[in-house]
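K.L.:
Residue strings, one per chain:
Number of protein chains: 10
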Amino acid sequence: MSTEYELEAVPNPGKQRDYTIDIDIPEFTCVCPNTGLPDFGTIRISYVPDEQIVELKSLKLYILNYRNKGIFHEAVTNKILDDLADLLKPKQMRVTGDFHPRGGIKTVVTAELNTEDQ
Amino acid sequence: MSTEYELEAVPNPGKQRDYTIDIDIPEFTCVCPNTGLPDFGTIRISYVPDEQIVELKSLKLYILNYRNKGIFHEAVTNKILDDLADLLKPKQMRVTGDFHPRGGIKTVVTAELNTEDQ
Amino acid sequence: MSTEYELEAVPNPGKQRDYTIDIDIPEFTCVCPNTGLPDFGTIRISYVPDEQIVELKSLKLYILNYRNKGIFHEAVTNKILDDLADLLKPKQMRVTGDFHPRGGIKTVVTAELNTEDQ
Amino acid sequence: MSTEYELEAVPNPGKQRDYTIDIDIPEFTCVCPNTGLPDFGTIRISYVPDEQIVELKSLKLYILNYRNKGIFHEAVTNKILDDLADLLKPKQMRVTGDFHPRGGIKTVVTAELNTEDQ
Amino acid sequence: MSTEYELEAVPNPGKQRDYTIDIDIPEFTCVCPNTGLPDFGTIRISYVPDEQIVELKSLKLYILNYRNKGIFHEAVTNKILDDLADLLKPKQMRVTGDFHPRGGIKTVVTAELNTEDQ
Amino acid sequence: MSTEYELEAVPNPGKQRDYTIDIDIPEFTCVCPNTGLPDFGTIRISYVPDEQIVELKSLKLYILNYRNKGIFHEAVTNKILDDLADLLKPKQMRVTGDFHPRGGIKTVVTAELNTEDQ
Amino acid sequence: MSTEYELEAVPNPGKQRDYTIDIDIPEFTCVCPNTGLPDFGTIRISYVPDEQIVELKSLKLYILNYRNKGIFHEAVTNKILDDLADLLKPKQMRVTGDFHPRGGIKTVVTAELNTEDQ
Amino acid sequence: MSTEYELEAVPNPGKQRDYTIDIDIPEFTCVCPNTGLPDFGTIRISYVPDEQIVELKSLKLYILNYRNKGIFHEAVTNKILDDLADLLKPKQMRVTGDFHPRGGIKTVVTAELNTEDQ
Amino acid sequence: MSTEYELEAVPNPGKQRDYTIDIDIPEFTCVCPNTGLPDFGTIRISYVPDEQIVELKSLKLYILNYRNKGIFHEAVTNKILDDLADLLKPKQMRVTGDFHPRGGIKTVVTAELNTEDQ
Amino acid sequence: MSTEYELEAVPNPGKQRDYTIDIDIPEFTCVCPNTGLPDFGTIRISYVPDEQIVELKSLKLYILNYRNKGIFHEAVTNKILDDLADLLKPKQMRVTGDFHPRGGIKTVVTAELNTEDQ
Numbered sequence: 001m002s003t004e005y006e007l008e009a010v011p012n013p014g015k016q017r018d019y020t021i022d023i024d025i026p027e028f029t030c031v032c033p034n035t036g037l038p039d040f041g042t043i044r045i046s047y048v049p050d051e052q053i054v055e056l057k058s059l060k061l062y063i064l065n066y067r068n069k070g071i072f073h074e075a076v077t078n079k080i081l082d083d084l085a086d087l088l089k090p091k092q093m094r095v096t097g098d099f100h101p102r103g104g105i106k107t108v109v110t111a112e113l114n115t116e117d118q
Numbered sequence: 001m002s003t004e005y006e007l008e009a010v011p012n013p014g015k016q017r018d019y020t021i022d023i024d025i026p027e028f029t030c031v032c033p034n035t036g037l038p039d040f041g042t043i044r045i046s047y048v049p050d051e052q053i054v055e056l057k058s059l060k061l062y063i064l065n066y067r068n069k070g071i072f073h074e075a076v077t078n079k080i081l082d083d084l085a086d087l088l089k090p091k092q093m094r095v096t097g098d099f100h101p102r103g104g105i106k107t108v109v110t111a112e113l114n115t116e117d118q
Numbered sequence: 001m002s003t004e005y006e007l008e009a010v011p012n013p014g015k016q017r018d019y020t021i022d023i024d025i026p027e028f029t030c031v032c033p034n035t036g037l038p039d040f041g042t043i044r045i046s047y048v049p050d051e052q053i054v055e056l057k058s059l060k061l062y063i064l065n066y067r068n069k070g071i072f073h074e075a076v077t078n079k080i081l082d083d084l085a086d087l088l089k090p091k092q093m094r095v096t097g098d099f100h101p102r103g104g105i106k107t108v109v110t111a112e113l114n115t116e117d118q
Numbered sequence: 001m002s003t004e005y006e007l008e009a010v011p012n013p014g015k016q017r018d019y020t021i022d023i024d025i026p027e028f029t030c031v032c033p034n035t036g037l038p039d040f041g042t043i044r045i046s047y048v049p050d051e052q053i054v055e056l057k058s059l060k061l062y063i064l065n066y067r068n069k070g071i072f073h074e075a076v077t078n079k080i081l082d083d084l085a086d087l088l089k090p091k092q093m094r095v096t097g098d099f100h101p102r103g104g105i106k107t108v109v110t111a112e113l114n115t116e117d118q
Numbered sequence: 001m002s003t004e005y006e007l008e009a010v011p012n013p014g015k016q017r018d019y020t021i022d023i024d025i026p027e028f029t030c031v032c033p034n035t036g037l038p039d040f041g042t043i044r045i046s047y048v049p050d051e052q053i054v055e056l057k058s059l060k061l062y063i064l065n066y067r068n069k070g071i072f073h074e075a076v077t078n079k080i081l082d083d084l085a086d087l088l089k090p091k092q093m094r095v096t097g098d099f100h101p102r103g104g105i106k107t108v109v110t111a112e113l114n115t116e117d118q
Numbered sequence: 001m002s003t004e005y006e007l008e009a010v011p012n013p014g015k016q017r018d019y020t021i022d023i024d025i026p027e028f029t030c031v032c033p034n035t036g037l038p039d040f041g042t043i044r045i046s047y048v049p050d051e052q053i054v055e056l057k058s059l060k061l062y063i064l065n066y067r068n069k070g071i072f073h074e075a076v077t078n079k080i081l082d083d084l085a086d087l088l089k090p091k092q093m094r095v096t097g098d099f100h101p102r103g104g105i106k107t108v109v110t111a112e113l114n115t116e117d118q
Numbered sequence: 001m002s003t004e005y006e007l008e009a010v011p012n013p014g015k016q017r018d019y020t021i022d023i024d025i026p027e028f029t030c031v032c033p034n035t036g037l038p039d040f041g042t043i044r045i046s047y048v049p050d051e052q053i054v055e056l057k058s059l060k061l062y063i064l065n066y067r068n069k070g071i072f073h074e075a076v077t078n079k080i081l082d083d084l085a086d087l088l089k090p091k092q093m094r095v096t097g098d099f100h101p102r103g104g105i106k107t108v109v110t111a112e113l114n115t116e117d118q
Numbered sequence: 001m002s003t004e005y006e007l008e009a010v011p012n013p014g015k016q017r018d019y020t021i022d023i024d025i026p027e028f029t030c031v032c033p034n035t036g037l038p039d040f041g042t043i044r045i046s047y048v049p050d051e052q053i054v055e056l057k058s059l060k061l062y063i064l065n066y067r068n069k070g071i072f073h074e075a076v077t078n079k080i081l082d083d084l085a086d087l088l089k090p091k092q093m094r095v096t097g098d099f100h101p102r103g104g105i106k107t108v109v110t111a112e113l114n115t116e117d118q
Numbered sequence: 001m002s003t004e005y006e007l008e009a010v011p012n013p014g015k016q017r018d019y020t021i022d023i024d025i026p027e028f029t030c031v032c033p034n035t036g037l038p039d040f041g042t043i044r045i046s047y048v049p050d051e052q053i054v055e056l057k058s059l060k061l062y063i064l065n066y067r068n069k070g071i072f073h074e075a076v077t078n079k080i081l082d083d084l085a086d087l088l089k090p091k092q093m094r095v096t097g098d099f100h101p102r103g104g105i106k107t108v109v110t111a112e113l114n115t116e117d118q
Numbered sequence: 001m002s003t004e005y006e007l008e009a010v011p012n013p014g015k016q017r018d019y020t021i022d023i024d025i026p027e028f029t030c031v032c033p034n035t036g037l038p039d040f041g042t043i044r045i046s047y048v049p050d051e052q053i054v055e056l057k058s059l060k061l062y063i064l065n066y067r068n069k070g071i072f073h074e075a076v077t078n079k080i081l082d083d084l085a086d087l088l089k090p091k092q093m094r095v096t097g098d099f100h101p102r103g104g105i106k107t108v109v110t111a112e113l114n115t116e117d118q
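Chains as they are written, first to last, in the numbering used here: chain A, 1 to 118; chain B, 1 to 118; chain C, 1 to 118; chain D, 1 to 118; chain E, 1 to 118; chain F, 1 to 118; chain G, 1 to 118; chain H, 1 to 118; chain I, 1 to 118; chain J, 1 to 118.
The shape of chain A in the complex, shown without the other chains (with noise of 0.2 Å):
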């Protein structure tokens, strides 16, 4: 599991509309920075396609580059809004990042494609 997966994607099959897609991964987990020890949690990802939409696979296979990678939640969140934003330049975008609690402190991360970004 040392190669690090691509997002690719494919045409959009329904252009002839605007519509949404969400996407739910709970089996998300990543490695603490401080602690070493595994983070779990759940990517939620809601957007609008313009011409392509992610590949469901290939999503699966990205998302387990950060099985054993240290990085922090507000981090992850905000770098798989990124790269999904790069490949796919949708409409609209949002990614959550919904973590499981820590030391009974639960946290939630919001990120939202804004327009000045595109």
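The hints are simulated quantities; they were obtained by calculation from the structure and are not laboratory data.
From a predicted model like this one, the values you see are computed outputs, not experimental measurements.
A hint or two may mislead.
Label-pair distances were calculated between CB atoms; the ranges are [unchecked claim]:
(1) PRO33/I with LYS91/G: 45 to 55 Å
(2) LYS91/H with THR35/J: 21 to 31 Å
(3) GLY36/H with PRO33/C: 23 to 33 Å
(4) THR20/B with GLU6/E: 31 to 41 Å
(5) LEU37/C with GLU112/I: 50 to 60 Å
(6) ASP86/E with LYS57/D: 25 to 35 Å
(7) PRO26/E with GLU112/C: 47 to 57 Å
(8) LEU37/H with ASN114/J: 31 to 41 Å
(9) VAL10/E with GLU51/D: 49 to 59 Å
(10) LYS91/F with PRO26/E: 44 to 54 Å
From the derived model, a few chain G residues whose C-beta atoms are all more than 10 Å from chain E [said to hold, decoys possible]:
(11) ALA9
(12) PRO13
(13) ILE23
(14) GLY103
Every residue gets a Cβ at the ideal spot worked out from N, C-alpha and C, and that includes glycine.
Please arrange chains B, C, D, E, F, G, H, I and J on chain A, whose structure you already have, making use of the hints.
P.N.:
For chains B, C, D, E, F, G, H, I and J alone, kept in the frame of chain A given last:
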């Protein structure tokens, strides 16, 4: 089950005002074009009728058309919206395909009639 | 149970301000005109009264009128709204018929008083 | 329990900004004027205080005043709003009476302070 | 546990855009100034960071400062908002104190940063 | 709906072993002999068949027999057990009538076939 | 509400076999002898009748006897069991008092008829 | 999907002791022999293996055999038990078919391996 | 809060029969001896009293003794059982400590009075 | 994370009686030997300790050993039971592996210490 069922319309019995009809079909199944294995999900339809409403028994049979057909989540959601909108010419209509998880990833597709579609 | 019950109104006891009354009737039943078999559901009424409010016991009996009557979901929801609006002349009113699934399909009908109805 | 309890106000300890206080009282009971039988429900209060907030122990005792009093759902909800608004002169206030079903019918009454009330 | 813990800030790792951080602390406890008995509740923080985010371990310890301190619900909710806003200068921030029922009455206090606070 | 429907039996298709059939009928309604008002509830049937099983469509129609019949909770539950046991001669059978609350009181009646009944 | 209501019995309509009647009364309230403040809870009764069953309207009124009476949780649960068992001479009977929390502590009392009680 | 998939067994990897394997298949569908319309449900399998366990991928494909086959609830539940027991010779095994409601009636069939079956 | 509160007993008001008292204390907190950080949980007590029952206000205060005391989950659960059993000499007693997760691991400790303890 | 963590035991602090410790670890993950993709699930441990209990921090680290290891559901559940039983020599012990669905099939494996294992 090899015949193709047709959607049918009946006159709107509540034309004294605009109102909303919400329909849930939790027993949707089709076939994944990649794997040949069945997909399952719920189709939700919400619309404001104009002159006609969908006849529910014909809708139930129409849904059977997908049982052994290979089609992707994004495509089938948009196609059901296209077919219903073509038949009914509703004032508003939204179709959601809420599919069971595959490989730890759950997808929901939501398409809404644009006024410019009409 | 062959008599027809009448809705009755009583003076609004809270006329010092506009306020909302929400009523849930989860024991609604009528008969499907196609099959002759009973349908079940919940009728929800939400309104802002003007001079009068509905008397609850008369509402309960009025609902009994449908017990052995053949009527479709869309028609009964709009008719309950018509009858209540005629009697009460409310400032706003919405009636929802939330029916049990039949043949794997569940239907909810929501009708709202238009200001032009008055 | 024949004495009449009075609502009491204390100075607002958070006057550096507007904020909201939500209070739930799920143990409300009064008596139905028609049947003489007890009614049960939850009273919900939500308000933005100005100079004063309600003292919670006095609110708890004030609620006891209704325990053996005959009063209708619409009237008691509006009266609690009147009494609290008279005492506290809040910036905003809403009172909801969410009553247990009677005869298969459930009623919720929601009254909100109009600015013209003040 | 007699020392006073200090909130600490760290640089915002997601400055490429505005985003929201939601934090739930369901293990909050302080002491009621009237009775000397402990109160329990959940503190919810939601904010859009600017230059800095709160360091979560320092937040966890800061919450411990209240464990044996006598303070009212309205006061503690506003004080946590004051302390976090002073430290972080966030673009938006809301703090909710959702307290366990006492004497059959449940209280929730919600304070939001006004732009004029800054 | 004035005809009386008859329960029908069909041969047990799983006679290679004893097994259990659980049937839930959440749309039961009859009439209270005291008030003339309708009662609602769920009938649950659980049995181990011997030579015959109940035909489900006939069971559905049989349940309709009670729709406009005045009968008490205890009586109807025992009668459904009597009728099914007379027809099917099951190895075991239990019938539960789980009725909606009336006047703040909810009743559940559970009757089980005694071996000495057979 | 100062009169004392009496429990009444009616003949058991299902004497062809032993069966169970479960009754839930979620609107029980009495007064705490220590504080004079009301207590709330649910009374659950489960019994196998012999010659008689309790008449439900009389049970509902009997429960009203406790509304303004000072009595402890353990005492009231045992007294309801005593009163019902004296009247009905059931084959089995269990009474549970499931009370709302007070001061963060919730109590449930469960008393069952011993055969030696009879 | 016209081929017939075969169940396959693999050696039990935990033969140091008896243990239980519970398998849930919530995406079961077959066809009603009476109406030709699809039925949906969940198949639950619970067993104590002896020398062999079922290979999960072959089980998933075996379940596909029923997708377009007309078969009754009682028959399919017993047949799945027969097929699995023939292959695996388990120490204990139970199969439950928990089917979606049809016409307001829900059926669950539970069959358990008798020792005399072996 | 530095004084040590004592458990107190009062005479059993229901000595006409054996019965069960279940007590839930969801606001338990103590301190972890390893980390010095607070632990949270629910203490559940279930017992059949003999001559005496625990006085609830003294139980509430007794629980406060642990608020700032360092003690492990297994030890505190057994100690509460020891203290209550010493005082009350109950016929049966079980104490459960159901603690909040720490580091992704949740622990529940359940200790029951052995008859040989008495 | 390439080191192998060892389970550690500490003396049982509650040896005055037999009692039960239930541990839930909802953040278990390992790798499927067939696909190389991660599996997720909850490990539940329930045991009656004798001389020793498991040290929770060592258990948390021990669970990390499986994070990048290829192992089947049945094997890992039995191995965790073997490892804990070898270390602790408990009076009773049960380990359950409750795994996330794969391909629409969910598996739960439950292994219990046999007395003849000891």
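K.L.:
None of the hints should be skipped; say for each whether it holds.
P.N.:
Quick rundown of the hints versus the structure:
About 53 Å separates the C-beta atoms of PRO33/I and LYS91/G, a value consistent with the hinted range of 45 to 55 Å. Between LYS91/H and THR35/J the Cβ separation comes to about 30 Å, which falls inside the hinted range of 21 to 31 Å. With their beta carbons about 24 Å apart, GLY36/H and PRO33/C fall inside the hinted range of 23 to 33 Å. About 54 Å separates the C-beta atoms of THR20/B and GLU6/E, a value inconsistent with the hinted range of 31 to 41 Å.
Range check, LEU37/C to GLU112/I: about 54 Å between beta-carbon atoms, so the 50 to 60 Å window is met. Between ASP86/E and LYS57/D the beta carbon distance is about 33 Å. The supplied range of 25 to 35 Å therefore holds. For the hinted restraint 47 to 57 Å between PRO26/E and GLU112/C, the CB-CB distance of approximately 39 Å leaves it violated. Roughly 48 Å separates the CB atoms of LEU37/H and ASN114/J, a value that falls outside the hinted 31 to 41 Å.
Take VAL10/E and GLU51/D: their Cβ atoms lie about 39 Å apart, and the range 49 to 59 Å is violated. In this structure the supplied range 44 to 54 Å holds for LYS91/F paired with PRO26/E, their Cβ-Cβ distance being about 51 Å. Remark: the non-interface label on ALA9/G is consistent with the geometry, its nearest Cβ contact in chain E lying 35 Å away (cut-off 10 Å). Listed as outside the interface, PRO13/G is consistent with that label: its C-beta sits roughly 40 Å from the nearest C-beta of chain E, beyond the 10 Å cut-off.
Every Cβ of chain E is farther than 10 Å from the Cβ of ILE23/G; the closest lies at roughly 25 Å, confirming the non-interface assignment. In this structure GLY103/G is not separated from chain E by more than 10 Å, as the shortest Cβ-Cβ distance comes to only about 8 Å.
Consistency with the previously given hints fails for numbers 4, 7, 8, 9, 14, ordered from lowest to highest.
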